[in-house]
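Asks: Read off the chains here:
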Amino acid sequence: MTGHLLEVRGLTAGYAGAAVLHEVDLDVPSGTIVAVLGANGAGKTTLLRTISGLLKPRAGTVRLDGAEIGGLAVEKIVHAGLAHVPEGGGVITELTVADNLRLGGLWRRDVADTAAATDEVFQLFPILRDRRKMLGQQLSGGERQMLAIGRALVARPKLLLLDEPSLGLAPRITTQIMELLRRLCDEHGLTVLLVEQNVRAALAVAHHGVILGLGRIARTTTASELLGDDALRHAYLGF
Amino acid sequence: MDRFIFLTVDGLSHGAIYAAFALALVLIWRGTRVVNFAQGAMAVAAGYIAFSVTRATGSYWLGAIAAVGAGLVLGVLVERGAMKWVGHTNPLTAIVVALGSALVIEAVLGMVYGVNNRPFPVPFSQTKFTVRGHPLFSPYDLFVFGVVAAVLIGIGLLFTRTPIGLRMRAAAFAPETARLLGVNTARVLTLGWALASAVGAIASLLILPTGFLNPTAMDLVFVSAFTAAVIGGLDSPAGAVVGGLGLGLVLSYASGYLGSDITSIAVLVLLVLVLLVRPNGVFSSTAVRRV
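Chains A and B, in that order, give the protein sequences.
Each step along the first sequence adds one to the number in the numbering used here, with nothing skipped, and position 199 is 199.
To get the numbering used here, take the position in the second sequence, counting from 1, and add 1000.
Bound conformation, chain A alone (with noise of 0.2 Å):
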């Protein structure tokens, strides 16, 4: 039981009518990368958005951090730990990168540790310092995935999701993003479950890796395992 940041039990959920996730056990242990691999479809989404609170599971547990998170409001799960930049990154684009990472931190009472965060994000994107003015309509991709993910930092975040990092941005910006997440991991103890269709680039840097296949966990190993297998890659990755 302990070391797992984040357990999930029996997790069913999903939209009107059909169930997209089927009895999901998954854990994440403290200090590690966990990715999520699978076809389109299977529900990887789906389970970042029942674990963050925006969609309500149907059945099941979600504990972190040994606190039970399911059926809360998203805000709530916010605030007990959790940090989730979705597909796309979320980026306001209306308002300045200042404004977006302002907000990361917002909910929080502590306000020296929130700017003593912001100041470590902008070492580690040094880019954002500079554009901190500009609107977030106005940054490349590789920038607003840079800002989801710092801003999603200014909240120390216990658990960090992350849905397709890698999507639209060139593999050697994502080659980059995903260097970054192991560097935070290593150094600073964040723990990650990420959710990439970049399989290389996300076996690359994780500890373990979860097959999901049509809303069921089919296989959970270790990241090295998941590339040394052939058979494995063949028949769920497809490479």
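In case anyone wonders, no lab produced these hints; they're calculated from the structure.
All of these numbers come straight from a predicted model, not from anything done at the bench.
Yeah, the Cβ is synthetic: ideal placement off N, Cα and C, and Gly gets one too.
You may find that some hints are simply not true.
Unchecked claim - BS3-like, lysine-lysine: derived pairs with alpha carbons at most 27 Å apart:
id, chain 1, residue 1, chain 2, residue 2
1, A, K56, A, K133
2, B, K1084, A, K76
3, A, K56, B, K1084
4, A, K76, A, K158
5, A, K56, A, K76
Unchecked claim - What the simulated footprint calls covered on chain A by chain B, stretch by stretch (three residues with Cβ under 8 Å from a Cβ of chain B suffice, anywhere in the stretch; the number is not a length):
id, region
6, 74 to 84
7, 100 to 106
We have chain A; now place chain B onto it with these hints.
Replies: Just chain B, lined up with the frame of chain A:
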């Protein structure tokens, strides 16, 4: 020339009030994509509170404070009591619920106070200052400009300089993202309604002294403010202000030079023209959309 100056001042003075009322509509539209058709009735209810408190205490200012407070409370009541439960699948539903709320409020006011016209208290003289024989502004005109300017600056500062304003903008632009950043969007929405309703109450305090108080006293003002907001693009606080002032001038000149019967038709003609030529409003560029 005197007549032109008179009409211009009168137009700006009314236009400033339309601007404040239009701003209240824009605040709610930005947050919820709902045109608050109950706004006129809510504002007139606040006006009756001011009337009662002023009659009981003899103080205009206590009445004004009570009206603004009543506006805040009424905004919360209408949002939490009715609008919150409206689904977003069909925009018409929200309009019907808002119109229904307006009818309920006006009916209750009619039962409590009766439907006859009552004079509304005036805090300052409405007699114009004259400069070399030309009548210019009355103290009351200056009061109107001052209050509207203070409201606009206050709202502007609230949106751009305070954490709650940032939350409101985030919730308006991207509700789901705002929630993922820990913003309680339901609370922010209620606050937006309270704020808009208080601004509406202030607008009614300013405009009722130029006419009479009765349960439907704000209906025509609502149509004018709605037109002003549409001219401004519904999404833009700055557009609402410019739209309100412009509309005030047009209506004043129309009634002054063409006859006062034409005012209500002129509003509708203008509304139709704007909807035909620039359906997104005259100021609906993204540059103006910023608060």
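Asks: Each hint should be assessed against the structure and marked as holding or not.
Replies: Results of checking the hints against the structure:
1. A:K56 / A:K133: The given pair, whose Cα atoms are some 37 Å apart, is violated under the 27 Å limit.
2. B:K1084 / A:K76: Since the Cα atoms of K1084 of chain B and K76 of chain A sit roughly 20 Å apart, the hinted pair holds (cutoff 27 Å).
3. A:K56 / B:K1084: holds (19 Å)
4. A:K76 / A:K158: Satisfied, since the Cα-Cα distance of roughly 14 Å is no more than 27 Å.
5. A:K56 / A:K76: Given that 27 Å is the threshold and the Cα spacing comes to 13 Å, the pair holds.
6. 74 to 84: Per the Cβ count (6), the hint holds.
7. 100 to 106: holds (count 4)
Checked against the numbered hints given earlier, the structure breaks only hint 1 and satisfies all the rest.
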